[in-house]
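Protein chains: 2
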Amino acid sequence: MYFHLIGNFNTSAPTGQADADVAALVSEANGTLLAKGAPEGKGARILDLRIEDQKIRVEIESDQYVRAHDAILRLRKPLATLLGKKYRIGIRGIEIESYVAKIPSKNPVKAEKIPYVSNMAFDGDDITIEMEIGEPEIRNSIPDRIITLITDKIAAEGYGGKEEHWNLLWESAEKPILSGEDPTPELVKRNWVKHGASRGQWIYGPEATRIFRTFEQIVKKEVLDFLGYQEMIFPKLVTWDVWKKSGHAKGVYPEIYYVCPPKTRDPDFWEEVSDYYKVTHEIPLDLIAEKIDKPIGGLCYAQCPPFWPFLQGKTIADDAFPIQVFDRSGTSHRYESGGIHGIERVDEFHRIEIVWMGTPEHVVEEAERIHERYKYIFEEILELTWRKAWVTPWFMAQEGLTGTTGNEKVGTTDYESFMPYRDDWLEFQNVSVNGDKYPLGFNVKSQSGNELWSGCSGVGLERWASSFFAQKGIDYENWPESFKEIVGELPKGFAFM
Amino acid sequence: MYFHLIGNFNTSAPTGQADADVAALVSEANGTLLAKGAPEGKGARILDLRIEDQKIRVEIESDQYVRAHDAILRLRKPLATLLGKKYRIGIRGIEIESYVAKIPSKNPVKAEKIPYVSNMAFDGDDITIEMEIGEPEIRNSIPDRIITLITDKIAAEGYGGKEEHWNLLWESAEKPILSGEDPTPELVKRNWVKHGASRGQWIYGPEATRIFRTFEQIVKKEVLDFLGYQEMIFPKLVTWDVWKKSGHAKGVYPEIYYVCPPKTRDPDFWEEVSDYYKVTHEIPLDLIAEKIDKPIGGLCYAQCPPFWPFLQGKTIADDAFPIQVFDRSGTSHRYESGGIHGIERVDEFHRIEIVWMGTPEHVVEEAERIHERYKYIFEEILELTWRKAWVTPWFMAQEGLTGTTGNEKVGTTDYESFMPYRDDWLEFQNVSVNGDKYPLGFNVKSQSGNELWSGCSGVGLERWASSFFAQKGIDYENWPESFKEIVGELPKGFAFM
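Same order as they appear, the protein sequences are chains A and B.
Going by our numbering, the first sequence opens with residue 1, and the numbers climb by one from there.
Going by our numbering, the second sequence opens with residue 1, and the numbers climb by one from there.
Mixed in with the good hints there might be a few duds.
Under 7 Å between C-beta atoms, here's a sample of chain A residues computed to sit facing chain B [claimed, not checked]:
| # | residue |
| --- | --- |
| 1 | T209 |
| 2 | P309 |
| 3 | A495 |
In silico negatives: residues of chain A with every beta carbon more than 10 Å from chain B [claimed, not checked]:
| # | residue |
| --- | --- |
| 4 | D21 |
| 5 | L25 |
| 6 | I51 |
| 7 | E272 |
| 8 | E344 |
| 9 | W394 |
| 10 | S482 |
The hints are simulated quantities; they were obtained by calculation from the structure and are not laboratory data.
For every residue, glycine included, the Cβ atom is placed at its ideal position computed from N, Cα and C.
The task is simple: from the sequences and hints, build the whole structure.
Structure, rendered in structure tokens:
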């Protein structure tokens, strides 16, 4: 990486008289102040110094170790001390005339408009970035974030776009496959489910709901009660503030259902809309669009982020650990990227979200305990053909990042079930060790000051049902005895003419 | 009411030759065709007839019995028959030059822009409405809807604005009041609840969640299982289509949380937004607003409407009756009009929604059975001080209408609990007989062809909790034994430093 900056220190009076002192300070800084913390022979260097009336103009080049924008900041204090003490002159601010970074890359990267970037070019070896910044942007880490953004884009190109990491961990024995059909059409035929009015949305009749609730009951007994989890109720409308702290604000935009409140709840403000509808029987969408605010966030996407404000800024008493909670209080919504299909890939879905927090050791061990309990369910109760894979951590995938994380214990295990009707596998739940991401993002501390990690696991009821029906069919009499015992007699649902 | 219309029949050729025949038809129509169906001496009357080249111009006045716009339509067919048979001339369409309605009113009404209304004025006795319409609007009932709209506005003014009807039905004995405090601050202090990141939204810790789930368990056992209800899962994102059929599209706009999907899920389309956030750590709301679609509907408001598409257009087998279902699968959201307060009046809440359908008799009797079961719960388990009132039906209130309905069996009973800390009452749930509104709106029929009615009842868990805590306090040891037995031992929640 290479950085080149031209900037001015604006002073409160002409500094011509300080010429020699300033030159000495600058010459001294090269190799000392501007190399501090960098490996031998690395760092920033002042190439040129000019003193013009009330401006001290410097030209700086650097590598990535002491980036030129950091270098100019490092100069400010000693310069101010020198000018202030001896000459009673103050520094009023730093002005950046030009700032260019070059990052080696084999390919150009996609980027429309990056804030503070006036130009970007690729010459076959480097990406050259021209930035328009000032002192506040430097202090606010803007140039560093731009460099990280471009570096990540280069890395993502290297991984071959946004492909996720996938590594098989374990595979079950093949279990009896009792169906070769796509279950949804049959569920529709039997009136167990009907498509809802919205995209990728289903209404579940009594029989299908009984299956969902049976899954829930199994997870409650075999995982949650077994391991000592407490139920909580997490919110389902998620504001930007939560997604900033959870990291989702980095990349979840294409799949969000956005939520906009009315600009006001004054009925008079809305009467025009009601009147229009009552006369035309059409919804005046343009008029409504004018009367609602910009989105305040969106519908629940990942289920655990809106839990974290409960703990935000808190120090947790040592005897309250481990924290082990779950939520099953509502829907999640995604504008699905892979194409919607039956109840298998939907926009509105139901999930039990399990969250635990404690020391890194506890969090990793707890993930293992949870894995064991799931194994018991899929092997002994549902008798599924399934497997586990180590994948790009869910939070990285949802932030638009690729690869795995630095710590080998941190990451996501996806559970996949075999779908005979399409001879392929369906991701139907996951278990993740999220490291310190959430305690850090939401500023949660332990009384002892020990490092805090967290984990989470999402049980997708639509995905469980799709897996079970695809392998075992929809005929009650064929289902494993162990499952039928828990389901009991199926309710009598709807019969239409 | 008075209507005055000037309109032209446009003909395929000059009709000068048919002058006498047309005049005879018109003169005959007054008192016969234009009075048909109206009381003696009432109806529409053609005041003037002019034939000019390819136009037959009529001036019509009427009362409300055969409105002038209907009158001109009634003329079309006999006129076409006359001109076609004898003169080989066709009618190409009707053009309305001017249309004015006068509706008696003691007051002006509020209305900004009503579609097809070019002017509206109040002279102390009447509201005069000038409409700009054509034949398609008449056929599409636009003028009638405008008249209904204005008539409803006049009626609403008469009721003194949007005030709801309220009539006490029953009041319980006073039960022991063990608290005089607003419960929310104490719940917050004990870490049972914490405010969520959004307006009127709470995160419920283990203790509060246990109370909610205990209420749910009580309703399940004492109402739903007792009376034979089946659980279903209703969708939680509600599209315009559903609200058109349920009637909410008439007036629910001020309180909706609107939902907008992304214009596309193409990551490239959204990269600019992600890049902006990654560099600035600010959400680019204006940019996002450009990249999302107009709202497709909103978050669940009333809980039962999105159930009805399950039955939409269906004829239900006779032996499937009565239909008795419930849903507890997610959150409801209202941009609250009465000011939010603690967990008592919130924007995001949790409700068990109970729906039944059958003959009018069944629906009315079932409402009584449900009332009895609730009474058992509030008297024998929760020991509340509560009362019931007959109120403006919820669906009328939510459509912006006032008063009660035509049928004395159709309507809403609100349950109110006494809130000692503010010496007032809180509506905490309701039971409604909705008449044929939903089966009609969603086109649901019975095999036998019998009339279908439906009912619904919403159990608001936040409201139950507010009622219980306000009367009984938050100290477990003070709670009624009957309730403690069901709650069991409270879970140990969070302890912060």
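Here's how the hints hold up against the structure:
no.: 1; hint: T209; result: holds, 5 Å
no.: 2; hint: P309; result: holds, 5 Å
no.: 3; hint: A495; result: holds, 4 Å
no.: 4; hint: D21; result: holds, 38 Å
no.: 5; hint: L25; result: holds, 33 Å
no.: 6; hint: I51; result: holds, 33 Å
no.: 7; hint: E272; result: violated, 4 Å
no.: 8; hint: E344; result: holds, 16 Å
no.: 9; hint: W394; result: holds, 17 Å
no.: 10; hint: S482; result: holds, 23 Å
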